[in-house]
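*Asks:* The chain contents come next:
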Amino acid sequence: MRSPSLNAVALATAVLLAGCDNTGTTAGEPILPNKNPFPSTYQVPVSSALVIQGGNLLTGNNQQLDNTDLVVENGIITAIGNDLQVPQGATVIDATGKWVTPGLIDVHSHMGVYPAPETSNHSDGNEMTSPVTAQVWAEHSVWPEDPHFEKALAGGVTTVQILPGSGNLIGGRGVTLKNIPSLTVQGMKFPDAPYSLKMACGENPKRVYGSRDMLPSTRMGNMAGYRSAWIEAGAYKKSWDDYVADINSGDEVDPPIRDLRLETLMGVLDGEIRIHNHCYKVDEMAQMIDMSKEFGYKIAAFHHAVEGYKAAPMLAAENICGVMWADWWGFKQEAFDMVRENIALVDYANACAIIHSDDPIQVQRLNQEVAKAMSAGRRMGLDISRAKAIGWATLNAAISLGLEDRIGSLESGKNADIVLWSADPLSVYSLAEKVWIDGALRFDRNDPSVQPTSDFNLGILSAGESRP
Amino acid sequence: MKYFTRLLLLSLLTANASAESILIKNVDIYSGSKTLPSSHIYIVDGRITALGEAVPETADRVIDGSGKSISPGLFNAETHLGAVEVSAIRQTVDFYTDNAEVTASLKVADAFNPNSTLLPHNRIHGLTHALSVPESNSGLFAGQVALIELGNPPRVLNDSVAVAMEFSEYGASLAGNSRAAAMAVLRQNLADAIDFSANKNAALAGQRREYSLSLADLQALEPIIKGTQPLIVKVHRASDISNILKLADEYAIKLILSGVMEGWMVANDIARANVPVIMDPIYNLPQSYESLGARLDNAKLLNDAGVTLIFTGMSSSQSTHNAYLVRQSAGNAVANGLDKNSAIAAMTTNPTSVFNANVSTDIKVGAIANLVLWGGDPLEMTSEAELVMINGEQIAMASRSLQLRDRYFKAAP
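In order, the protein sequence lines correspond to chains C and G.
If you read the first sequence in this note's numbering, its first letter stands for residue 1, the second for the next number, and so on.
If you read the second sequence in this note's numbering, its first letter stands for residue 469, the second for the next number, and so on.
Worth flagging that the hints you see were computed from the coordinates, not collected in a lab.
Be aware that one or more of the hints could be misleading.
Unchecked claim - Some chain G residues judged to face chain C by a derived CB distance under 8 Å, without partners named:
#: 1; residue: L586
#: 2; residue: N620
#: 3; residue: V624
#: 4; residue: L625
#: 5; residue: N752
#: 6; residue: L753
#: 7; residue: H789
#: 8; residue: N790
#: 9; residue: Q796
#: 10; residue: G799
#: 11; residue: A803
#: 12; residue: T850
#: 13; residue: R873
Yeah, the Cβ is synthetic: ideal placement off N, Cα and C, and Gly gets one too.
Based on the sequences and whatever the hints tell you, model everything.
*Replies:* Following this line, the structure appears as structure tokens:
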């Protein structure tokens with residue numbers, strides 16, 4: 001009798017062999033891994049038609065339409081204009097003097113994976129046990145009852161990309177969620193949204209692993225770490241491509257053994273998983289771009305791009321979004337060269353500029369972050385309209401997620417993710433009054449029954465208390 | 469000879485600058501206490517000489533203030549300004565120490581760096597004054613709080629306006645991971661400070677008992693136990709606030725509360741004790757078990773109860789590097805029910821009054837100008853600071869950040 005683990009290996013081999021016998025029964029068809037083993041269970045709720053009348057619309061795609069109506073049927077925007085026909089049984093909202101925007105989108109959030117309260121039992125955002133953990137999926141850490149979600153909803157945020165943290169070179173898969181109450185993360189998952197992969201440049205990975213005397217402890221170590229991973233991923237992809245080719249040419253061959261880590265990286269090389277890359281500095285962005293060309297993949301966005309203004313022409317040429325704060329700086333050396341005009345200047349260079357929060361306080365007022373970024377740009381003489389600026393938190397964000405065909409703007413045919421604001425959304429005094437997701441009212445400031453609250457909040461201050 | 473010429477030139481320039489008269493017309497003026505809509509303000513030699521309708525018609529410089537506003541210079545009451553450059557670079561961080569022998573005796577003012585890039589960055593966006601506050605690291609007491617002015621050059625106005633300490637969950641962790649232990653440690657510290665103060669010669673000669681703090685720390689606590697200097701206690705949970713109020717009453721301590729995310733739950737007790745609070749009205753999350761009751765109308769509810777509010781702003785991560793964003797937090801307090809004048813007072817006249825700052829942050833005739841001309845409403849994020857005067861001098865709109873911008877976008881349209 002040897003060690004139990006050897007028995008386990010023997011058992012696993014037996015199962016695998018049995019699996020191979022099964023493949024024989026379906027000769028000619030390659031057996032490929034299920035790419036969606038945790039499918040979204042989200043269903044668009046049935047709701048009556050909706051007409052929002054007479055609001056000032058910031059459409060998200062660079063238009064301001066004052067005193068305009070908007071019609072929603074079956075969760076989809078069906079018409080925008082004046083004096084539109086009210087569908088049978090429609091809910092009619094008088095938005096005179098109020099403002100209407102698409103639902104805000106935060107492409108960099110850790111809600112659910114670093115929930116409130118910030119205690120170790122729920123601190124699940126950074127798998128810092130190896131520099132490359134492409135095998136972990138943020139959705140498996142999301143606690144749907146995180147009280148952060150409802151606060152973000154009250155700030156008009158309808159879609160969030162939840163990312164793993166930045167302690168690793170390659171931190172794992174991100175997931176795009178609809179900001180709705182749900183018992184399960186599957187119930188929040190945006191149906192058919194592409195997956196993302198979090199990568200991180202710079203100080204964080206080299207600090208985390210350098211302190212353990214292992215690679216990476218330097219920026220050159222960072223680069224070596226990513227490149228080694230992509231080389232492995234390339235070989236893994238070839239093994240699957242070869243397997244499929246062999247099956248297709250009639251050979252009876254076993255599929256390669258699955259490797260979750262390399263499977264995600266292969267998804268990037270296949271163009272199915274989008275790279276969202278934490279990267280502050282222009283010199284590192286340039287190296288990440290060269291590396292993406294070396295291995296044949298595309299970068300969707302650089303996050304925390306504090307030096308976006310230095311990289312702006314490069315971002316435009318490579319069609320990579322810059323994801324930025326309005327004004328955060330100084331917490332690390334790589335965040336030292338902040339300019340308040342950053343977002344405005346990336347936009348001015350015709351690159352895709354996006355506001356993000358990375359923070360449960362900021363996510364509640366992305367509209368104010370847009371206001372600050374717009375104001376700084378105007379102060380230096382750039383001509384930036386509100387209509388343009390709101391796109392930084394809506395359509396451009398949707399583009400970086402690969403969801404611009406469904407969300408991010410008020411247009412016929414798009415999902416009815418809509419915020420009704422009490423005043424100009426770029427005013428500090430403006431509050432989200434109503435928030436619809438897919439045409440269903442999910443938040444109403446004037447109706448406590450439409451103010452979702454986490455199980456966590458019930459009776460937490462005093463027995464019997466319930467509050468939004 | 470060359471040196472002499474330069475001196476002469478400099479004095480001429482200074483004389484010219486200070487003798488300048490500025491008239492700002494039709495501007496909304498927010499003093500700490502009231503609003504003067506579409507009014508005029510006349511400033512001569514850095515001093516406000518006329519306000520309202522009856523002002524001279526001409527000046528060296530006349531500014532049309534239509535659609536603009538003037539507020540007192542902003543004051544952020546919880547920063548580490550002058551004591552940090554890059555938070556993650558320990559060598560640039562002086563607002564806490566790893567030396568357990570130095571707690572209440574740590575003076576942030578001793579580390580103040582007037583050349584910090586954070587100071588011009590904040591003053592061009594309207595921050596004129598701040599407290600630079602130490603943080604606890606090994607004991608409950610953090611050290612002595614400095615009052616600073618961000619003029620040119622920035623300077624310490626008072627190197628010790630208060631002693632700061634922690635009685636939050638973090639403070640409990642420093643005292644052995646129990647609130648009860650933190651209270652026992654605090655009582656022992658205060659008893660030792662009283663004993664030291666009453667028997668100083670014997671204590672210095674080593675003829676008293678062994679104390680829980682160093683002699684330097686006990687000396688720093690003397691004005692606290694004598695009630696001549698305020699003790700700023702960081703605390704959040706309602707029951708912790710109540711316990712600190714009781715303790716302050718028992719020891720006759722001049723108390724200022726800081727943090728107070730659950731302050732609204734005991735607002736009347738705070739008001740009755742006449743204790744001001746330093747708070748960031750932006751917090752509304754149960755980020756810890758001591759802030760389960762955090763809510764956006766905390767400032768409004770405390771104000772309604774009669775508590776004097778003093779603001780810091782935009783959550784701890786940026787409260788120093790972007791200390792000027794105290795006005796964004798103030799704006800959000802107004803959006804959630806606080807009246808605008810109270811919000812402005814909480815980041816201008818309230819802190820200068822509570823900390824006896826020898827500066828006039830109010831907009832009134834005879835005051836040396838500490839004020840900001842905003843492009844619009846003073847709390848709107850779409851309003852930029854267009855003119856900032858600190859201690860009567862107009863400051864240059866220059867910062868490292870603007871230099872970086874101009875290097876890359878010199879030819880902006």
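*Asks:* If a hint holds in the structure, say so; if it doesn't, say that too.
*Replies:* We went through each hint and held it up to the structure:
1. About 7 Å separates the beta-carbon of G/L586 from the nearest beta-carbon of chain C, less than 8 Å, and the hint is met.
2. Checking G/N620 against chain C by beta carbon gives a least distance of about 21 Å; that is not within 8 Å, so the hint is violated.
3. Among the interface hints, the one on G/V624 is violated; its C-beta lies about 21 Å from the nearest C-beta in chain C, farther than the 8 Å criterion.
4. For G/L625, the shortest C-beta to C-beta distance to chain C is roughly 24 Å, which exceeds 8 Å, and the interface hint is violated.
5. Annotation: G/N752 was flagged as interfacial toward chain C, and the flag holds, the nearest CB pair being 7 Å apart, inside 8 Å.
6. Using the Cβ-Cβ criterion of 8 Å, the hint placing G/L753 at the interface with chain C is satisfied: the shortest such distance is roughly 5 Å.
7. Given hint, G/H789 at the interface with chain C, holds; its Cβ is 4 Å from that chain's nearest Cβ, closer than 8 Å.
8. The interface hint given for G/N790 is met, as the beta carbon of that residue sits about 6 Å from the closest beta carbon of chain C, less than 8 Å.
9. With a cut of 8 Å, the hint placing G/Q796 at the interface with chain C holds, because the nearest CB-to-CB distance is about 7 Å.
10. Of the supplied interface hints, the one on G/G799 holds, with its beta-carbon coming within about 3 Å of a beta-carbon of chain C, less than 8 Å.
11. With its C-beta approaching chain C no nearer than about 5 Å, G/A803 sits inside the 8 Å limit, and its interface hint holds.
12. Using the Cβ-Cβ criterion of 8 Å, the hint placing G/T850 at the interface with chain C is satisfied: the shortest such distance is roughly 5 Å.
13. Because the beta carbon of G/R873 sits about 4 Å from the nearest beta carbon in chain C, less than 8 Å, this interface hint is met.
Comparing the model with each numbered hint stated earlier shows that hints 2, 3, 4 do not hold.
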